[in-house]
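> Since the structure of chain A is already known, use the hints to place chain B on it.
Quick mapping for you: the protein sequence lines, in order, are chains A and B.
The opening residue of the first sequence carries number 1 in the working numbering; numbering runs sequentially from there.
The opening residue of the second sequence carries number 1001 in the working numbering; numbering runs sequentially from there.
Among the hints, a few may not be true.
[Stated by the list, open to error] Capping the alpha-carbon separation at 27 Å, the derived lysine-lysine pairs in BS3-like fashion look like this: (1) 1211(B) x 94(A); (2) 1030(B) x 1207(B); (3) 33(A) x 1234(B); (4) 1207(B) x 25(A); (5) 149(A) x 1052(B); (6) 44(A) x 1211(B); (7) 1052(B) x 94(A); (8) 44(A) x 1243(B); (9) 1298(B) x 140(A); (10) 94(A) x 33(A); (11) 12(A) x 44(A); (12) 83(A) x 32(A); (13) 25(A) x 1243(B); (14) 32(A) x 1298(B); (15) 83(A) x 1052(B); (16) 25(A) x 1298(B); (17) 1243(B) x 77(A); (18) 25(A) x 83(A); (19) 1234(B) x 25(A).
[Claimed, not checked] The following label-pair restraints were derived from C-beta to C-beta distances: (20) 61(A) x 1200(B): 56 to 66 Å; (21) 144(A) x 1172(B): 42 to 52 Å; (22) 12(A) x 1009(B): 45 to 55 Å; (23) 1320(B) x 89(A): 18 to 28 Å.
It should be emphasised that the hints constitute simulated quantities derived from the structure, not laboratory data.
No residue lacks a Cβ here, since even glycine has one placed at the ideal position from N, Cα and C.
Letter by letter, the chains look like this.
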Amino acid sequence: MINEITSLLKSKFPDSLLNVVSEDKRITLLVKKEELHQILSQLKDTGFNHLSDVTAVDYIDEQEFELIYHLWSHQEKIRAIVKVRIPRESPTVKSVVDLWTGAQMHEREDHELFGINFEGNPNLSPLFLEDWEEIPPFRKDFDTRKYVKEKYYLEEEGYPVAKG
Amino acid sequence: MDIEEKEIAFSTVPFGPQHPASGHFHALLKVEGERVHELEPHPGYLHRGFEKLMEYRVHPQNCVLVDRADVLDPFSCELGYANAIEKTAGLEIPERGRYIRTIMAELGRILSHMTWIGVLSMVLGFDSANKIAWGDREKILRLNEIATGGRLYPCYLCVGGVRRDISQEFVDETFKALDYLEGQLSFYDYFVFKNETFVMRTEKVGKMSAKEAIDLGATGPNLRACGIDYDIRKDEPYEAYPKVSFNVITRDEGDAYARSLCRRYEIAESISIVRQLLNNLPDGAFRAELSPVWAAPKGESYFCLESARGEKCFHVVSDGSPCPYRVKIRAPSFLHTLSEFPYLAKGSTIADIPAIYWSLDSCPADMDR
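Excised from the complex, chain A in its bound form (with noise of 0.2 Å):
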């Protein structure tokens, strides 16, 4: 089943596979962010009905975010991931609210806590920061050890004390 997936994603989308990784039971894609919603839309057509998870890594030494589609096949039970890599400055992806209901939560959580920004969502407001100002808190350079020591903790004698 892997490989007549593999070889019909080959045929359909010849310039977006950028890597193809097949293993027993799962197959890990890396395609091009252009094709990405019809790449992910074909591979719902073929049975990955479950959208699992929607992550993301910001790899801030190559300035790129991978952003992550976890989708699982109810009836053939096996397991696709296919990542894209999307550049830091302007990180913005095409939703796929329209394919999974529940991909809406997923793509809200990674606007929040990464900045990615998913075109066609209807709604990306925050989800669990309060009146947040700061940079989005996952990216490797928002340091969350510092932050803490500059909001939360005066400096007395060596000791930190909480501000009160």
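Leaving out everything else, chain B in the frame of chain A:
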């Protein structure tokens, strides 16, 4: 003005975060009389940013920290994190370690499901069942204490195996506790699951079809109650699950009652799994010895496991240092509460909201992380 000509007046009713049925979760209900038109979830009361905090810590610290990401089923978090790291490094875990881990994971599932029986009964106004279920839950907490020293948070797992071996006392006490709980299950059948009030409050409440459930991202017992047999213990077996036989419980109705029955029968399956594992417990080492600042090689892995609430996945990226570069926890409650709950709440009555919420068995700590 005639009353019919007036526009429908919606009022807003808050659900949580101080509501005993909501936990640390807040939602705004837009209602017309008793009918809920819209539910707007406001999570974040338990957001501690574990995924970021873990980037500053070494693996043994993270195994302890990650417990708190799912308060009601903490062991599943330890298990997922350690497995993701081990998978990156290609570590071999001793057989006995695998068995002990699986036993603890199944005890964790029973623990979580017992808590859930209690809370669901409580929010339905049936406090006696709450007290009894939470009393029986003590049996599992006691087992946790014997094996690990911790009651709620085991902090028991380490990369490479488990922190210490289980004793003969633990084995004997576990058999006793399982016998007791198995007896209690038939009592729960009569006392809770066939109770007229319980059935009335849950049957045909919060119903979703299999297609809707998949689209919304449901997993675990919530999805299995819609007739989809998705159980990672069977589909992508890990730890010692390939060595045991058990059934995946499914129902077709997709309502709150079906979800309840799925969990009830899962407790029975878990009891059987733990018995099989204890009877065939292999001898030998229980962990691979590693230094505390042991570093996983550069790479990444994605590991999924079946927690009490559903699909829990760990995506761990390592850059070769003793701390992970990035950890992502795919938490089942995140979608149960933020995706399924608002959908099911639409069109229901205010009185059904706690029943729907707890029939989905979400844990606010697991949702916010």
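> Quick one: are residue 1320(B) and residue 89(A) within 18 to 28 Å, going by C-beta?
holds (27 Å)
> Does residue 77(A) sit within 27 Å of residue 1243(B), going by the straight-line distance between their CA atoms?
Given that 27 Å is the threshold and the Cα spacing comes to 20 Å, the pair holds.
> Verify the proposed pairing of residue 94(A) with residue 33(A), using a straight-line Cα cut of 27 Å.
holds (9 Å)
> Can you confirm whether the C-alpha distance between residue 1298(B) and residue 140(A) stays at or below 27 Å?
Holds - the C-alpha atoms of residue 140(A) and residue 1298(B) are around 18 Å apart, at most 27 Å.
> Sort out whether residue 1207(B) lies within 27 Å of residue 1030(B), counting only the CA atoms.
holds (20 Å)
> Does the alpha-carbon distance linking residue 149(A) and residue 1052(B) stay inside the 27 Å limit?
holds (16 Å)
> Quickly compare the C-alpha distance for residue 83(A) and residue 32(A) to 27 Å and report which way the hint goes.
holds (9 Å)
> Could you tell me whether the CB distance from residue 144(A) to residue 1172(B) stays inside 42 to 52 Å?
holds (45 Å)
> Can the restraint linking residue 83(A) and residue 1052(B) be considered satisfied, given a maximum Cα separation of 27 Å?
holds (21 Å)
> With a cut-off of 27 Å on the C-alpha distance, tell me whether residue 25(A) and residue 1298(B) pass.
holds (23 Å)
> Sort out whether residue 1211(B) lies within 27 Å of residue 44(A), counting only the CA atoms.
Status holds; Cα separation ~13 Å.
> Taken at face value, is the distance from the CA of residue 1243(B) to the CA of residue 44(A) at most 27 Å?
Given that 27 Å is the threshold and the Cα spacing comes to 33 Å, the pair is violated.
Hint violations for this structure: numbers 3, 4 and 8, all remaining hints satisfied.
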